[in-house]
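Trainee: Line order of the protein sequences matches chains A and B.
With positions in the first sequence counted from 1, the corresponding number in our numbering is that position plus 212.
With positions in the second sequence counted from 1, the corresponding number in our numbering is that position plus 1050.
Heads up, a few of these hints could be off.
What the hints assert, rightly or not - Chain A is faced by these chain B residues, among others (derived, beta-carbon under 7 Å): (1) Val1129; (2) Ser1130; (3) Gly1134; (4) Ser1138; (5) Thr1142; (6) Arg1176.
Hints listed in this document are in silico derivations from the structure and should not be mistaken for laboratory results.
Glycine included, C-beta positions come from ideal geometry on N, C-alpha and C.
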Amino acid sequence: MIGLVIVSHSPRLAEAAVELALQMVHGSVPPTRIAAGVEGRFGTDAAAVAAAIDEVGGSDGVLVIADLGSAVLSAGLALELTGSSTEVILSGGPFVEGITAALVLAATGAPLAEVAREVSSALDAKAAQLEPLPEAAVAAAPDTSDVPDAPDPRSADEVLINPEGLHARPAAMFVQAVGGYDAVVDVTNLTTGTGPVTAKSLIGLLSLGAKQGHRIRLDGQGPDAATAVGALRRLLVDGFGEATSAPG
Amino acid sequence: MRTLEDSRLTVDDLIAWLMRFDEQITRQAERLTELDSAIGDADHGTNMARGTAAVRSRLSAARPDDAGALLKSCGMALVSTVGGASGSLYGTLFLEMARRVGAASELDRTVFAAAFRSGVAGVVARGRAELGDKTMVDALQPTVDVLDTAAADGVPLADALRSAADAAAAGRDATIPLVARKGRASYLGDRSADHLDPGATSAAILVQALADSLAERGR
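Given these sequences and hints, build the entire structure.
Mentor: Right under this line is the structure:
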């Protein structure tokens, strides 16, 4: 599992962001250290960042996520001060969204480069949320009654029944569920025609804008595809364990 | 008359420089913070004063053996106490100088000019700021140019540093009409014009402190 170092001007900001992100992580938590503030004030200390990298630095690498301008400068200088030989990537991704995406994906044992990519694109879901709904796609969505049940166990179509749709918590459960299998599962929102995105990407899943009543398609590939799709399908059918009501 | 030794900086000269830097930063902290309140987050003076005070106490606690150890100790003290961009940037300036001079116990004018050039190159690389971006680079880059030319022409170090301090001050004053392109002030856009840049101001103090402490040695 990779390590994470969170660099912030404010310890309270960093602690709260990590606490918020950890709501999405169930099970083992990636090693995470915070380097924030200078002598009780707003600021960042490159030496403290370097020490944090050294503390979490295992063989799987370390991703550093920083808040504003000079936190990025300190993180850059820290790379020169660290005694660790582990691979370190400084992320240019957003702070809160990035920390959330990083913790969720890193918890599945994903490699450093993959987590770094996910964090870089962590704003996409928010941007997608604010885009106008693709009404045309909704109108043109296939009549679900005509879609035959796929006989192939590596694919599945299910309707989202939980009231909040595929929001952050269920999306994190998807990422976690698929993380344990040797499989790649593509997820498509058939109702809006959005996707496919990989089930390993929290941000990708959120960008589907999948709401209650939307029909979700799963397509798996790889040795464990059938088991992985089965696990995700069960989550959909169970409404992610959330209180459900009939789709209206 | 100056001798060849006048064109060398000893560990004691460097200590005298940094002590004077602290003295001047402390004296001008309020003004630096005032400059920063116009275009930044109003903490440059207090942050720098905290940093130079930490440098002073480190150097007072133990006298480093060589120039490299001294510059490194100074750089790490600034990194860990100043906070914000100034901590990383001033830290980088001193750490790069330390790397360049190694375990030398004395620096001649050529070595010092080369070390200062490395330090400023480090600042430029770290902050990605160029001349004219309204940053400390606007005071530091002219200093590098003057020191390089003076070293090549064999100008005595004390004279070279006096010219360098003048060049740094001119670079500092040239930031007034500029629009900031780096750092917190860049968020202000055109409103950052007509203000002296606090970082260029503290950088000019750094160069002036060296010129002054060396001039004092010569007396």
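Trainee: Confirm or reject each hint.
Mentor: So, going through the hints one by one against the coordinates:
1. Val1129: holds, 5 Å
2. Ser1130: holds, 5 Å
3. Gly1134: OK, holds: Gly1134 of chain B within 7 Å of chain A, min 5 Å.
4. Ser1138: holds, 4 Å
5. Thr1142: holds, 6 Å
6. Arg1176: Status holds, d = 6 Å.
In the structure shown, no violation is registered for any of the earlier numbered hints.
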